[in-house]
Structures are given as structure tokens and as C-alpha cells.
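Residue numbers (my numbering): 853 to 1287.
Please note that the accuracy of each hint is not assured.
[What the hints assert, rightly or not] Calculated lysine-lysine pairs in the DSSO-like style (CA-CA distance at most 27 angstroms, straight line): (1) K957 <-> K1213; (2) K1121 <-> K1074; (3) K1213 <-> K965; (4) K958 <-> K999; (5) K913 <-> K1101; (6) K1178 <-> K1201; (7) K913 <-> K965; (8) K1201 <-> K1213; (9) K998 <-> K958; (10) K878 <-> K1046; (11) K1121 <-> K965; (12) K878 <-> K1074.
For the record, the hints were derived by calculation from the structure and aren't laboratory data.
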Amino acid sequence: MYTLSADFGTSSVKTAVIDEHRTILKASRRSYQYRILEENQVELSMETVEAAFYETVRELKEFLPYVSLISFDTFAPSLVMMEKDGKPLYPIVTHLDRRSREYTKKIIDIFGKDKYRNITGTLPYAGGVTLTSLLWFFHYRPELTKKIYKIGHLSTYLFKRLTGQWAMDEVNASITGMYDTVHNSGWSQEICEKSGVPMSILPPVKEAGNTFELVLPEMAEKLGVGRNTMVNLGTQDVASALAGAGADKKGQILCISGSSEMIAILTDKPVTNDKYYLRNSGIKGLWQVFSITTGGFAIDWFREQFYTDMSKEEFYSSFLPDLLEKRFDTGGVTFHPYLTGDRQSLKRKRGSFGGLSLDTKRDHMLCALVVGIQSQAMQTLRLCGDIIPNKQKMTATGNLAENEAYINIKSRLFGGAAIEVIDNCPLIGNVRRML
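The whole structure should be built from the sequences, with the hints applied where relevant.
Listed below in C-alpha cells is the structure:
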């Protein structure tokens, strides 16, 4: 049995055909660009995402007749507002979007910080939960929101597009800010009613690993797969990555080093904290403690501003590994990694360098940036000290994790932790989480 597995990230989609032994037979990748409309509005065209996905699938055409299952994961939050037929009313509102900051305070004023966090598992950070974005649209785009039949994340849209059925898995639901994550008991009627969100627009919540529907005939033809192909309900990328890394016990740690720097720690105790997100994990009896900051996006931004004398390929393939391995030195420079704000803070933060002098070189600043983008994960590890039996061992995945010198720096900053790198965790996890 072959599975067509797709990993939808913030900046690209990667698709692969995987056999019954969880071996990737062939993979394809396409990048896409999000749009910054104003300072705080960051969107992604659904047409662009779908076109990129279809291109990757076409490159796997020799294996498609043998595919019997489609499974996928997506980044989140990724608000999609849809009509009855599933057609998007507006582009995807990404987790980088901060237009809804004013609603963080309004939600806290309604519920209080502790009460809201102890239901949803987090505070209503803009870019961290779907609710703030939805309330922004209710207020500023009422003519659009009147047309909403269902809302969801990108995963909801894709499942509807492929099967004609509405659904959202428990992990994505726990990221909306409207779900009772702490008790894993479904949509919170209190949160929805007091926030002014009709519960009728929320999709039914189902277990991703146990939810399968037949692909629509027109989509089977478009993708080039058989009409008897089943589609598994998609989940969040971190949940799939955890499955792909084989993490299924409390205390296990996964670092995802890609466009963002993320850390997820499995726990059997739903303890909340202002400085991290508590989310469902997709594993019965376990939650994920999660935090995030900018990662590869920050390095690429710095490269574009300060290393214009070398190509992108040269920078990543030779210069960066050499710098990190042989010449790593911050020169006393520090970096606050808030180029896209801080998704674990109610304050409006911005990225900044400190400790600059006339002796500061661009290499010092780049080294400081690499240290700075680890700070959120380091803080989360400290906060979770009592639930982690062995902080000296963890797993890593993502594009940056493929750079051995980068992982060695991360290990050093994490107190000498042994970090096992596993490639393509989300793609493999899309298969593994169904077993």
C-alpha cells in the first residue's frame, strides 16, 4: 500500500509517495510566497498553495496509480473562512499575521487570563490562536463574515476539497482558542458564546488517525490516483512530526528547525503557563507543550540584507556551516528574535541586536542571531523541567536540522543535549500516526 503524504508549511509544500515500510520512494517540493499587505497582515493565497501541491503531485506520477491513501499535515493557525461548498471567502490568514492584537486584550477582559488559559491551554495571542483573527473579521469585514458557512484551518479546507466532508482534528481544534484543550472535551460553549462566535460555523471535531473518507471522483482524476483512494483527516505539522520522530511518551522532546524554531514536549499533565502553548498531541492521554519563534526566516532575512556578495546556495552550503563549525563567535552581540513579534507574550515586541560596537562584524551578528533564535526553546525547557525525565536527549527535524554544525551549536546551547536528527518527520508521521 502506497501513501501520498503532503506536508504544507508556511513557505513550501513537500509531497512524497511512501510505501508500507515507511520508506520514501520519491519526493517533490515547491515553494510559495506569503503576502504582506500591511505591516501586520500576512496572508497566503489558497490558489498558490493548491497550484504548488498539484505540481509536486505531478512529479510523482509514476507511483500515483498505486496510491491507496492520501494523508497530510498543515501549519497552524491558518484561518480559512468558507462557503457551504467549501470555497474560500478570503486567503489563508497565517500564524505570522498580527492584525488582531486588539482582540487579545478584549478576550482577556471578558474571561480573565487564568480562566481562558485553563480552558483553552493558552492565552489568546494574535497569531497563536484563530479566535482573535476571526473576531477581527467579524468587526472589520462584516459583509464577508455574513457569508461564512464554516471556518477551519488549511487542514479543514483540504479535507473538504478532497472528500466533500467537514472535519477538524483535535490538535487543530486546540489551536483555535475556542476548544476545551485542558479537558479535551470539545468546543467550549462558554468561550464561543461570550466571544460572539456561532458554534454552527465550527466543523465537527474528529480523531485524525481514525477518520477516513473516499476521495471525490473529480479530485481523484485531478491528482491522478484511483477512485477508491481514501483520504485521512489532516492534522497539524508538529503533531505529524512528533509521530514521525516516534515520540509517543511523556517527556519526549522534538525540535523543529525550519522557517520557524519550534519545540514540542509531550506531557501527561495539562499544566498551563503564560509562556507556552498547551495543545492536544494527537496521542491519547498526552498533550504537547509548544513554543515558537522565528528561525530560518530570520537567517534568510539577515542573509538578504548583509550577505549580498554571495549566492544563496553558497551561503547555506558552505559559508554558514564553516562559520558555525570553525569560527563561531558572537563578539558580545545579542539578538532578540522578535522579527515577527513574540507569540508567547502580550507585549508587542520587535527584533533587535544589542552589544554592537565599532568592532562588530556581520559574522558576529549572524552568530548572535543563531543563538537568539534558540532562546524560546531554552526557556520552555526550563519551564518544563519537572515533566522531562531526561533533558539530555531529544530529536530534531527540519531544513536547518540537516546542517550538522547548526545542530552542534543547538546541542551546546541546550546544555550538551544529545540531539538525534530524523529527516522528513512530518511526511513519515502522516503514515505512522495512523498505525
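**Request:** Kindly indicate which numbered hints from before are broken by the structure, ordering the numbers from low to high.
**Result:** 1, 2, 3, 5, 6, 7 and 10
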